[in-house]
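Got two chains here, each in a separate frame; can you build the complex from them with the hints?
Listed below are the residues making up each chain.
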Amino acid sequence: MGEGILKRKIGIEKEIDEFLDRVSEAGLLCKQGMDTYLKGDMEVYATYLKNIRDTEHKGDDLRRSLEKDLYEKTLIPESRGDVMELLEDMDALLDRYTGLIWQFEIEHPDICLEFHEDFKELLSHSVESVEADVRSCRAFFKDINSVADHIHKVSFWEKESDKLSTRLQRAIFGRKDLHLSHKMHLRFFVKQIDRIADEAEDVADRLNIYVIKRML
Amino acid sequence: MFAFFLSSGLFLGWSLGANDAANVFGTAVGSRMISFRKAAIYCGIFVILGAVISGAGAAKTLGELGAVNAVAGAFVVALAAGATVYWLTMLGYPVSTTQAIVGAIIGWDLFAGALIDVAALEKVILSWFFSPILAALFSALLYKLIAYGMKHVRINMFSLDALTRAGLLFAGIAGAYALGANNIANVVGIFVPISPFSNISFLGLFTLNGAQQLFFIGAIAIAVGTFTYGKKVMLTVGEGISELSPIAALVAVQANALVLFLFASQDLEGFLLNHGLPAFPLVPVSSSQAIVGSVIGIGLLKGGRGIRWRVLGEIVGAWVVTPIAAIFLSFIALFFLQNVFQQKTYIPVEYRITAEAKQRIHEAGIPMAGIEEISGKTYPSAYQFQNALDQHMVLNNTEKNLVLSAAEIDRLVVVNQAANRINDPTITEEQKQAVQQLRGKSFTHRWEMESALAQQSREWKMQPGNKKQNEELKWKLDYIHRLIRSTGQ
Chain A
64 MGEGILKRKI GIEKEIDEFL DRVSEAGLLC KQGMDTYLKG DMEVYATYLK NIRDTEHKGD
124 DLRRSLEKDL YEKTLIPESR GDVMELLEDM DALLDRYTGL IWQFEIEHPD ICLEFHEDFK
184 ELLSHSVESV EADVRSCRAF FKDINSVADH IHKVSFWEKE SDKLSTRLQR AIFGRKDLHL
244 SHKMHLRFFV KQIDRIADEA EDVADRLNIY VIKRML
Chain B
6 MFAFFLSSGL FLGWSLGAND AANVFGTAVG SRMISFRKAA IYCGIFVILG AVISGAGAAK
66 TLGELGAVNA VAGAFVVALA AGATVYWLTM LGYPVSTTQA IVGAIIGWDL FAGALIDVAA
126 LEKVILSWFF SPILAALFSA LLYKLIAYGM KHVRINMFSL DALTRAGLLF AGIAGAYALG
186 ANNIANVVGI FVPISPFSNI SFLGLFTLNG AQQLFFIGAI AIAVGTFTYG KKVMLTVGEG
246 ISELSPIAAL VAVQANALVL FLFASQDLEG FLLNHGLPAF PLVPVSSSQA IVGSVIGIGL
306 LKGGRGIRWR VLGEIVGAWV VTPIAAIFLS FIALFFLQNV FQQKTYIPVE YRITAEAKQR
366 IHEAGIPMAG IEEISGKTYP SAYQFQNALD QHMVLNNTEK NLVLSAAEID RLVVVNQAAN
426 RINDPTITEE QKQAVQQLRG KSFTHRWEME SALAQQSREW KMQPGNKKQN EELKWKLDYI
486 HRLIRSTGQ
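These protein sequence lines map, in sequence, to chains A and B. Under the numbering used here, the first residue of the first sequence is numbered 64, with each subsequent residue one higher. Under the numbering used here, the first residue of the second sequence is numbered 6, with each subsequent residue one higher.
If we strip away everything but chain B, and leave its shape as in the complex, we get (with noise of 0.2 angstroms):
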């Protein structure tokens, strides 16, 4: 059955390398610069090590699918959104895997009849804006600067060759390595929890483990996705919207990274608030629209004659169709497996106001004016659940999250094994020790969960300014709880 849930997975890794490989060596390839071939090969081999050896480090071990509560439910979700993507990738269409993932899990939450993520949607729009337009102008700009050195620099057409050559084929790989660490997760990260492998050693020089191996077949199947169709996405982003020259090119996919990395990294964010610099304000940024925007800089600047406009309009309309697809593909194929196959594709949660969530409520100082309504009754969807707050309680957003969260019924229960199965490398023996401790306890809410935890260890506990820890933590969380959600059951 592993095997069976896995292959969607693997399948939208296929289509995630087939059409993001394009960000990283489009420009290389569309200009020539570098052969289909290489750059395929570069790309797998630099995928498949960054996955390993840093995917399974970040936090975000459960990607984005791990909204998803129940593995039917997810192999369904990564299947529509690898199938939007695939679709879109045959017409040639550079497209945002991840936005296409938004999608897929949007129509999971109509179907169950959960909280459209409004924050994740906000997001895809506004990367469609921000992404092409932020790299447009550091493309324009970093080529203006690059034209303007090379006026003052003797250097042979052979020795700039070599060296553009060499820069694209840097900037290929490392976009490649980070292409597998940040994406392995929203591939094959809603399986770690369920998965049978166990640690490998090899030759005790290193161990892989569970996680890693299991990144290690999604990169795979990123890598092959590059190999059997990547091309057609390249050739759109490398010669398809404007014809490249090499150091366009170059400053094309230079864009594209900066763009990503002033923009998009919470790490750079950390560092400059820590030594008491401005950071950049952080926006949603997508290296598919972003290469397209980087593109079109340079058209621009050039007096934009060269841009096919047709092919950018396309381009343009994949972005809005993906999501949208993505919901409706995801909503469909919910539906059949549901009804025709009868599996349980979502868990269904229902809401209470408990006495626990009451006090949790009013500790956290929120309006208790008509809590009094609904208090202890059930309802069997956040949506339902959401409608009667809107009826009898006056809530701004944040306050309406909380008592949401507050009231969400999980009845967990950790049993013994819960805490021998924790495969993520980042868990520290601390933090299992204090998983260990709540065998035999159950919890009606998550919230409790975690508060028995946070008693437990320190390491458990969120750490007022700390943002990039808590972020980590509660990706921790996220799988912890999980992990005893699949193991109670």
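Isolated chain A, as found in the complex (with noise of 0.2 angstroms):
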């Protein structure tokens, strides 16, 4: 019996920490794919494009099989329906990310390159929200005491990629140059990555009350 609830312990411990991981290399991937986007590499870009929607599919599974057991196996009741939407909202980040390169590839933007270094910059200020998301999870479920540790620099990158978007979107509709369908584009784009950041400080504003439910 004790064995049983040890390897299951292990087991979706395990679990928590692979599918996290997909979520952080799903962040790595955006970012080196909107790179090799902007240098002009397509081929590069789509063994990309191949890799980030692999790891979608692994975190997609691996979520489903999270959920499957904590349901099964009556897993942390008091806190199960807090785990799982927690669990859906990485998922969302993760498919934020996917959903992005593959917007990339169908729409083929036309990035000027004086706008490829605050592109880049703020698709990083993005990723780094969702990573100090992935940290604060990480601490939810090994160490609850330190998610604050982590969790406001969720807001802080959120704030940045807030400021860097606004800048941006400034500098696009002040060239006088550019059609105003293509500022609209370039627009989009920068709300696209720019989103993430927000949804990454939404989910760390409901992590916060999973932390306060299940402080003592």
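It is possible that part of the hints are untrue.
As the list claims (entries may be wrong) - Only pairs whose alpha carbons sit at most 25 angstroms apart, straight line, appear in this in silico DSS-like list of lysine-lysine: (1) B:Lys-156 to A:Lys-205; (2) A:Lys-276 to B:Lys-307; (3) A:Lys-131 to B:Lys-307; (4) A:Lys-276 to B:Lys-156.
Since the hints were derived computationally from the structure, they do not count as laboratory data.
What follows is the structure in structure tokens.
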């Protein structure tokens, strides 16, 4: 009986770690993918697209398996609902990364050279905010008292991302030589990237509540 | 006939299982850490083990119902107590089975004209206060300690979950074992002296004596009670009063166990006193009421907003109703059984101050003024004798009790087979021999029989200062007295 409980516990802990690894990995792939896109190397870009899709599938599988385990083995009954929501939220962030890379592939936005660095920086801020989410999540499962050490960083990177997104949009719409349709297309991508950070902040807010609920 | 009388004990056991399993597994099931099915299986197994292994070894073989002096009466008293607990279980309230039994016995006392055990009634009322208050204090304290500890420990959510689950299971198993060991005597103990069972050996590995077989049957009734009707009361305890987190559920059962261990364990008291340590005062506490207190303690610590006060009020009402309903039910049922079915529900106990009784009273240093007025007269019930005492003598309660026991007429005849029918494993060979030596003798008072036994063997003598041993001896004497009375009739 004791061994069964231990095995089950180790299995779940490992799965959660693996799932969060996939979220982090997707962030890195997204960054690499956009860099490659901006360089114009579409052949390499296609491999990143494939990698990130594989990561997304793996993430989905892990999430489903975790949810099944949580319910079938009636684990953490008091936090099960919260943990399920958290896993779904993190999975949604992973999907956002994949969606962004797909969007580049489908719409082929024409990003002017002068905006390249800002786009890279903007995505980097968003990925940082998701990374802070990932660290907060790991702490939530492993050492709930240290969640606060990570969670405030999500807000920091979200604010940085907001600032940069506003500045970038002003710069885009300040260009006289671009068509309005072109400007709006670029604005769409800025918003898409910025939304990742916004959602990461929403996840952090919810996580904060889950932590309060679990505190004795 | 034995099977018929036993059926009421089994019904009481069934009610006990349906209600009292909530004391040990209620919070675990309510917090959804352990499924009801799993809890019922573990509870059933360990109740049976506790009853068979430790129940028969306890000195309290006869249980509370030992006070009832006719089997038909015991049948009704058990039935009344069982019906009371059954009714409150249907309504989902955790109540004390022992308190229902105390109530039903008071109903019998009233019907039989016996003296009401005021001390037992006081204990019931006191436990309504002591149990929840002590348990609430302990659970709040324990919860605070654990909360403090958790702030300084890094532990994975799933490891904590597994540990809490294991803790709840362990506490539940230990509680179920104790439930079986402590309550089985109340359920079927009264039927041990009339049990037709003889020893059964299992492949020479172990032997079940007659009492153990009876306890096994009683424990199965308790287990079936848990399985069939245990869920409702478990959910009242585990989520009805207040929602419980798994940690809170564990704290609640631990606080419950701790309160029972510290304030109700004579073993612990004996151990501490023997080692020159201050002992906790023994106070009446009931597990059914302590577990409610434990849950409330945690609820209050969290500000009290999560407590459903209406449910709590209903539960407290059910506690008060338990002995009262049992008194009425028992009295009415006894009336019917005696007058409609012509069954002997009690053996009338007469009182007379005989020459021997007078000598005993004198030796005890009790003022004899007024005793001549009542000497030699026979009083048909304790109640009437007590009235006569009050009229003619000035005695305090202790003195009055001594006079009552000295004057109680018991007309005991020790028949040849009495010693052979002793099936309580705790009674030693030497003690059996002493009973054997008394064969053919008759006694007017019970204390005369006890003195005769003490003369036959040192093992039947009270040891001054040894509270635990004397308590056990008292129960053994009760058993022998009952046996001699039933065989001598």
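Exercise. Which earlier hints can't be squared with this structure?
Worked result: Of the numbered hints, just 3 does not hold.
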